[in-house]
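Colleague: Each protein sequence line maps, in turn, to chains A and B.
So for the first sequence, our numbering puts the first residue at 9; every next one is plus one.
So for the second sequence, our numbering puts the first residue at 4; every next one is plus one.
No lab work stands behind these hints, which were simulated from the structure alone.
None of these values were measured; they are calculated from a predicted model.
A hint or two may mislead.
To be verified - The following label-pair restraints were derived from C-beta to C-beta distances:
hint, chain 1, residue 1, chain 2, residue 2, range
1, B, Lys-70, A, Arg-284, 47 to 53 Å
2, A, Arg-294, B, Lys-181, 56 to 62 Å
3, B, Lys-35, A, Gln-182, 31 to 37 Å
4, A, Glu-93, B, Asp-226, 38 to 44 Å
We treat Cβ as the ideally placed atom computed from N, Cα and C, and that holds for glycine.
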Amino acid sequence: MRLKINPLTRVEGHGGIYVEIKGKEVKDIRFEIYEGSRFFESIIKGFKYPIVPDIMRRICAICTASHSMASIRALEDALKVDISEQTELLRDLLIHGEMIESHALHVYVLSLPDYLGFPSIVEMAEKHPKEVKGALQLKKAGNMVHVALSGREVHGMNERVGGFSKIPDERELQKILEEMKKVREFAVLAVEIFSTFDIPEFPKSENLMVAVEPEEAFGYYGNRISNSENDRWEVHKYREKLKERVVEYSRAKHVFYDERPFMVGALSRISLFGNRLRGEARELYRENEDKIDESNSLTINLAQAIELVHCVERCIELLETLISREVEKEGLPKIETFESHGIACVEAPRGTLIHSYKLDEEGRVVEADVITPTAMNAANIEKDLRISALRLMEDEELERKLQLIPRAYDPCISCATHLIVKRS
Amino acid sequence: MKPKIGILGFTGCAGCQLMILNLEDELLDIFKRIKLVSFQMASSEMKDEKLDIAFVEGSITTEEQKKELEKIRKKSKILVAIGNCATLGGVQALSNGIKSSREMMKEVYGGEFWRLMDSKPLSEFVEVDFELFGCPIEKQEFLEMIRFLLRGFIPLKRDYPVCLECKLKDNECILLEKRICLGPLTVAGCGARCPSLGLECLGCRGVIEGEARLESAIKIFEDAGVSAEDVKKIFRIFSANYPDILEVKS
Numbered sequence: 009m010r011l012k013i014n015p016l017t018r019v020e021g022h023g024g025i026y027v028e029i030k031g032k033e034v035k036d037i038r039f040e041i042y043e044g045s046r047f048f049e050s051i052i053k054g055f056k057y058p059i060v061p062d063i064m065r066r067i068c069a070i071c072t073a074s075h076s077m078a079s080i081r082a083l084e085d086a087l088k089v090d091i092s093e094q095t096e097l098l099r100d101l102l103i104h105g106e107m108i109e110s111h112a113l114h115v116y117v118l119s120l121p122d123y124l125g126f127p128s129i130v131e132m133a134e135k136h137p138k139e140v141k142g143a144l145q146l147k148k149a150g151n152m153v154h155v156a157l158s159g160r161e162v163h164g165m166n167e168r169v170g171g172f173s174k175i176p177d178e179r180e181l182q183k184i185l186e187e188m189k190k191v192r193e194f195a196v197l198a199v200e201i202f203s204t205f206d207i208p209e210f211p212k213s214e215n216l217m218v219a220v221e222p223e224e225a226f227g228y229y230g231n232r233i234s235n236s237e238n239d240r241w242e243v244h245k246y247r248e249k250l251k252e253r254v255v256e257y258s259r260a261k262h263v264f265y266d267e268r269p270f271m272v273g274a275l276s277r278i279s280l281f282g283n284r285l286r287g288e289a290r291e292l293y294r295e296n297e298d299k300i301d302e303s304n305s306l307t308i309n310l311a312q313a314i315e316l317v318h319c320v321e322r323c324i325e326l327l328e329t330l331i332s333r334e335v336e337k338e339g340l341p342k343i344e345t346f347e348s349h350g351i352a353c354v355e356a357p358r359g360t361l362i363h364s365y366k367l368d369e370e371g372r373v374v375e376a377d378v379i380t381p382t383a384m385n386a387a388n389i390e391k392d393l394r395i396s397a398l399r400l401m402e403d404e405e406l407e408r409k410l411q412l413i414p415r416a417y418d419p420c421i422s423c424a425t426h427l428i429v430k431r432s
Numbered sequence: 004m005k006p007k008i009g010i011l012g013f014t015g016c017a018g019c020q021l022m023i024l025n026l027e028d029e030l031l032d033i034f035k036r037i038k039l040v041s042f043q044m045a046s047s048e049m050k051d052e053k054l055d056i057a058f059v060e061g062s063i064t065t066e067e068q069k070k071e072l073e074k075i076r077k078k079s080k081i082l083v084a085i086g087n088c089a090t091l092g093g094v095q096a097l098s099n100g101i102k103s104s105r106e107m108m109k110e111v112y113g114g115e116f117w118r119l120m121d122s123k124p125l126s127e128f129v130e131v132d133f134e135l136f137g138c139p140i141e142k143q144e145f146l147e148m149i150r151f152l153l154r155g156f157i158p159l160k161r162d163y164p165v166c167l168e169c170k171l172k173d174n175e176c177i178l179l180e181k182r183i184c185l186g187p188l189t190v191a192g193c194g195a196r197c198p199s200l201g202l203e204c205l206g207c208r209g210v211i212e213g214e215a216r217l218e219s220a221i222k223i224f225e226d227a228g229v230s231a232e233d234v235k236k237i238f239r240i241f242s243a244n245y246p247d248i249l250e251v252k253s
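Go ahead and model the full structure; you've got the sequences and the hints to work with.
Modeller: See below:
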């Protein structure tokens with residue numbers, strides 16, 4: 009039997025699943041990507057560093073700020089740029105806002121319809137107005153952070169190498185603070201909803217978890233990557249740890265750790281660093297610890313819901329800090345260019361994202377490398393699909409159920425097809 | 004009868020579809036007034052039926068996409084290209100005319116595993132009834148446009164530059180600082196977002212048709228001490244398919 013699911017819906021970009029079953033054996037399984045390649049690492053060559061984030065953030069719409077921050081931090085690493093404490097706070101706020109926007113979209117708009125039996129939130133809105141309205145309000149609160157700090161919801165431009173071009177004023181921050189306090193209940197509601205579902209266990213299998221080690225508490229920036237086998241390494245050594253392989257049917261390369269597939273994203277973060285959570289997020293994590301099953305990728309949604317609560321709480325905390333210390337106008341620092349190489353990682357909503365740039369003495373890119381979370385997850389998605397196809401072979405709903413897997417990972421196919429420069 | 008709408012996408016970042024989903028306050032109201040036949044990003048239902056309006060995002064980079072686009076054109080009364088990829092080819096067109104996708108594929112993958120064409124806008128292959136510019140599109144412009152379209156009208160095109168909106172905002176002119184701002188060449192509609200933040204306009208909305216003169220712009224920038232090559236490099240980011248730029252190759 010051959011099964012082709014194309015296109016996958018309610019994911020960002022164009023992908024599909026191909027399954028070939030012969031007798032009692034899964035002969036072939038593929039997580040396919042049809043999106044045209046966009047050659048970002050090639051087209052960026054020759055551009056001077058200040059404009060690099062403006063092009064690289066176009067790799068992805070949903071995680072535009074993550075690409076922005078990964079490229080900016082890599083360039084700052086290369087050019088030895090120090091940033092102010094205020095910039096750090098604002099950047100932390102930006103990444104948490106992005107997480108809210110992205111998770112609200114994924115948990116409520118893309119995943120929940122599966123569990124409640126609707127094709128989309130449009131049909132869901134009539135019967136579940138509270139959830140749909142809450143989802144949109146939550147998403148909007150995340151977007152308010154994007155607009156105030158970055159300049160617009162998608163592909164903002166205000167965050168720069170060295171800091172921010174225009175510092176948002178206190179009134180704007182106050183407005184976001186009020187909104188965050190209002191939407192907090194909808195983040196909690198997401199945990200309540202997903203903790204009551206009977207999550208199917210067909211993809212259950214061992215997962216190797218990988219995530220950026222947060223600098224302090226629970227968060228999304230850091231310079232070190234950790235995994236569930238207690239291996240930790242500086243992001244500068246990512247090439248030694250993470251190996252890429254060309255997969256001909258897929259426009260995303262697959263990435264392996266020690267020849268094995270691994271998982272990045274909310275479930276990895278929560279299972280590696282969940283004990284660092286604080287506040288209500290911590291309570292909800294403790295209450296649901298037994299339901300968050302790191303061997304079952306379908307519990308990713310619950311992990312995202314807990315992160316939603318963390319993000320709203322963290323945004324409130326950051327906004328209160330920024331308002332109480334009074335935001336100051338700051339110019340961008342003067343930056344000297346020289347021949348250099350910089351690497352940085354950040355946790356994007358879908359997982360670990362790495363950017364690396366080599367610059368010439370004028371600060372122009374001579375070589376670039378980007379590894380996206382979806383490229384990292386691709387091999388793990390196939391692992392889950394294979395085991396599920398084996399278990400669901402006789403199931404009448406095989407097609408619908410298999411689709412749940414890639415959707416749970418929230419793949420970002422545009423991200424995956426940015427194309428990776430081959431190394432000799 | 005509610006109009007049947009499709010929201011579809013080709014090569015790009017899906018950011019313009021996302022901008023539609025970002026209309027949090029208006030979304031449910033819009034969905035009440037239309038029959039959404041397909042919205043791949045947000046719905047698992049895909050129906051192959053005739054459309055009153057197709058909103059298409061993304062550029063065309065493969066033969067299959069070209070055929071798919073032709074199919075969409077045939078079944079749609081009105082076809083609207085949304086965003087920089089669909090209207091001008093997107094950032095992925097940056098290497099058009101400089102390096103072929105075949106060369107690039109060999110360079111980066113070590114072989115040609117699938118066929119790609121130069122990234123081109125929709126209008127290269129089919130008739131497009133209206134274009135919404137920007138990377139990404141502006142939410143307000145989308146709302147404005149949909150109001151027109153639902154009443155059976157095609158909106159008018161904007162034919163004035165970002166500078167006009169920038170002046171209305173009382174911003175200091177970035178060109179005076181001798182920085183490359185593409186505002187004078189670029190179609191307005193964004194409220195001069197970048198210059199209002201003290202940043203150069205990168206021209207993500209594309210050049211004003213028949214109005215913009217790249218050659219004379221380059222002269223102005225050269226007088227300000229910026230090399231023609233640097234100006235063209237910036238200009239190419241969002242307008243690599245613009246004929247002027249392909250002629251004045253650096």
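Colleague: In ascending order, which of the hints set out earlier in this document are inconsistent with the structure?
Modeller: Of the numbered hints given earlier, the structure breaks none, since each of them holds.
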